[in-house]
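J.: Chain by chain, the residues:
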Amino acid sequence: MTSPQIILAADVTTNRQHTNVAEVEQRLGSLELILGISAVRKTVLIIVLAIIWQVYASYLDNPLLFPTLSDTLTTLYDRFVDGTLPSRIWTTLQVLITGYVAGTVLAAILTILAINTRIGTDFLETMTAMFNPLPAISLLPLALIWFGLGASSLVFVLIHSVLWAVALNTHAGFLGVSRTLRMVGGNYGLTGLSYVMRILVPAAFPSILTGLKIGWAFAWRTLIAAELVFGVSSGQGGLGWFIFENRNLLDIPAVFAGLLTVIIIGLIVENLVFQTIERHTIQKWGMKE
Amino acid sequence: MLQALQQKIDPTAGLPDVKAASEARPLLTVDKVTLRYKTPNLLITATEDVSFSVERSDRFVLLGPSGCGKSTLLKAVGGYMTPVSGSIHINGRPVKKPGADRMMVFQEFDQLLPWKTVLENVMFPLIVARKLPRGEAEARAKEYIDKVKLTRAIDSYPHTLSGGMKQRVAIARGMAMQPEILLMDEPFAALDALTRRQMQDELLQLWEDTRFTVIFVTHSIAEAIKISNRILLLSPHPGRVKAEVIDVDLARQDDGSAAALERDIHNLLFSESGHRE
Numbered sequence: 001m002t003s004p005q006i007i008l009a010a011d012v013t014t015n016r017q018h019t020n021v022a023e024v025e026q027r028l029g030s031l032e033l034i035l036g037i038s039a040v041r042k043t044v045l046i047i048v049l050a051i052i053w054q055v056y057a058s059y060l061d062n063p064l065l066f067p068t069l070s071d072t073l074t075t076l077y078d079r080f081v082d083g084t085l086p087s088r089i090w091t092t093l094q095v096l097i098t099g100y101v102a103g104t105v106l107a108a109i110l111t112i113l114a115i116n117t118r119i120g121t122d123f124l125e126t127m128t129a130m131f132n133p134l135p136a137i138s139l140l141p142l143a144l145i146w147f148g149l150g151a152s153s154l155v156f157v158l159i160h161s162v163l164w165a166v167a168l169n170t171h172a173g174f175l176g177v178s179r180t181l182r183m184v185g186g187n188y189g190l191t192g193l194s195y196v197m198r199i200l201v202p203a204a205f206p207s208i209l210t211g212l213k214i215g216w217a218f219a220w221r222t223l224i225a226a227e228l229v230f231g232v233s234s235g236q237g238g239l240g241w242f243i244f245e246n247r248n249l250l251d252i253p254a255v256f257a258g259l260l261t262v263i264i265i266g267l268i269v270e271n272l273v274f275q276t277i278e279r280h281t282i283q284k285w286g287m288k289e
Numbered sequence: 001m002l003q004a005l006q007q008k009i010d011p012t013a014g015l016p017d018v019k020a021a022s023e024a025r026p027l028l029t030v031d032k033v034t035l036r037y038k039t040p041n042l043l044i045t046a047t048e049d050v051s052f053s054v055e056r057s058d059r060f061v062l063l064g065p066s067g068c069g070k071s072t073l074l075k076a077v078g079g080y081m082t083p084v085s086g087s088i089h090i091n092g093r094p095v096k097k098p099g100a101d102r103m104m105v106f107q108e109f110d111q112l113l114p115w116k117t118v119l120e121n122v123m124f125p126l127i128v129a130r131k132l133p134r135g136e137a138e139a140r141a142k143e144y145i146d147k148v149k150l151t152r153a154i155d156s157y158p159h160t161l162s163g164g165m166k167q168r169v170a171i172a173r174g175m176a177m178q179p180e181i182l183l184m185d186e187p188f189a190a191l192d193a194l195t196r197r198q199m200q201d202e203l204l205q206l207w208e209d210t211r212f213t214v215i216f217v218t219h220s221i222a223e224a225i226k227i228s229n230r231i232l233l234l235s236p237h238p239g240r241v242k243a244e245v246i247d248v249d250l251a252r253q254d255d256g257s258a259a260a261l262e263r264d265i266h267n268l269l270f271s272e273s274g275h276r277e
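Sequences listed follow chains A and B, in order.
In terms of the UniProt record's numbering, the first sequence has 227 at position 227, counting the first letter as 1, and numbering is strictly consecutive.
In terms of the UniProt record's numbering, the second sequence has 120 at position 120, counting the first letter as 1, and numbering is strictly consecutive.
These are computed hints drawn from the structure, not numbers from a lab.
These figures come from a predicted structure and were not determined experimentally.
The beta carbon of each residue, even a glycine, is placed where N, CA and C say it ideally should be.
A few chain B residues that face chain A, going by a derived Cβ cut-off under 10 Å, partial list only:
#: 1; residue: Gly78
#: 2; residue: Met104
#: 3; residue: Gln107
#: 4; residue: Glu108
#: 5; residue: Leu112
#: 6; residue: Lys116
#: 7; residue: Phe124
#: 8; residue: Pro125
#: 9; residue: His159
#: 10; residue: Thr160
#: 11; residue: Leu183
All chains should be built: construct the whole structure from the sequences, respecting the hints.
T.: Here is the structure:
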């Protein structure tokens, strides 16, 4: 019986230099790189849809029902230049941001209470169970009675639309933080608020971000709908009112321009704001592929 | 077989030199500790009447089959559990809650904070728990990252590291804190066999450097013999002390004494005769 032997590979024994290291990492072709960017692919998709719109509307030739893309864009441009749309957007955004920030802050307070106390957990779970399925817009009639015609009614409804979505996701995110990470936080002697801020919030950030996105979408829809319903306060309406007003005037290209503005703002927030946050946080941290 | 062990258990069999230099009081004393935890419908006794003490610079291994409460015991030392009876003292102070004087290294790879780079992960506890100024924390973190040979990955995020590298960061993080005692809960159990052997060697190397005190939980007899100078053997359901093996570092691979000790411990752990004290 012979003993085991180790036979070295040929290039180890000859001490050959590895000259082909460059081939281990090769750069992708430029077309492949460009198509790898999802923004590029989505832009192409939007351009295709825009062409279909233009072609179909020209074929239909009925500006009262379905204006062409070029008509819509012209109106959009005109209304931008004459200052109507910017002021409407500003009115809407002011209310929106107020409501969104207030809702998020309230959600933060509720979830911090919920994670630290049992009564807080019970309160949050009961409230979200009750109010999350209730469409925020259905509270508008009540809000109008309580707060009158004005921004405060809208803010109330917005808070309601943001609060439960953000709180629900944040709380679920906190509960989903692994036991190991929570023990690590305890090991560092972190307790109370510093524990929440330094361990739970970043560890639950994917869920928190999802909550913020859903809250944003809810708030945006709710606000446009609310403006359509109750329209104008103190002579200065928002985007919803702009759409409603122009429908009454049968200025359909302006209605489309208003809708397009709503879509564009939504896209900007989703693609620029939230995706930038995502890229610099959870994507960099490997919490999302 | 048992005689061989009894002999090793004999406390007069020559103490390591480091011990003589340190104070008479042991660093950690665990005195008649009984631990229970609740599952939704059961109250489980994890350990019963467990006593042991750990001296400075010990490499103390808790060894036993699953269900012997070794991890639970380590968590109690870490301050995550309060004993139903008995007491745990570190440096004469009772252990009441988790703290940075007992740094934990866990088995799970997700113990690193994924939103921090390797350097930030090691620096973070130095800043929040040790209250070191940033510059000092950074210097010390870099020193320990260098000790675990991860300097080239210092700015990487944990998700880009392999399992072995993550465990090295966790060890560097624990050691950089220069805790009274390092608590390692099966830190190499989730690694592949090759990496695991390498990590064991590196841990011993680190110990040679700094002579830190460590309690190490494992269910691998070979790992226990390789790493430790003292082993506490626990029996399962509930965890009770079965034996203590001292001067484990005298066992050597080349003359077969390590293999013999491994066999003895194996027989002791799995003998049905029930050698209970």
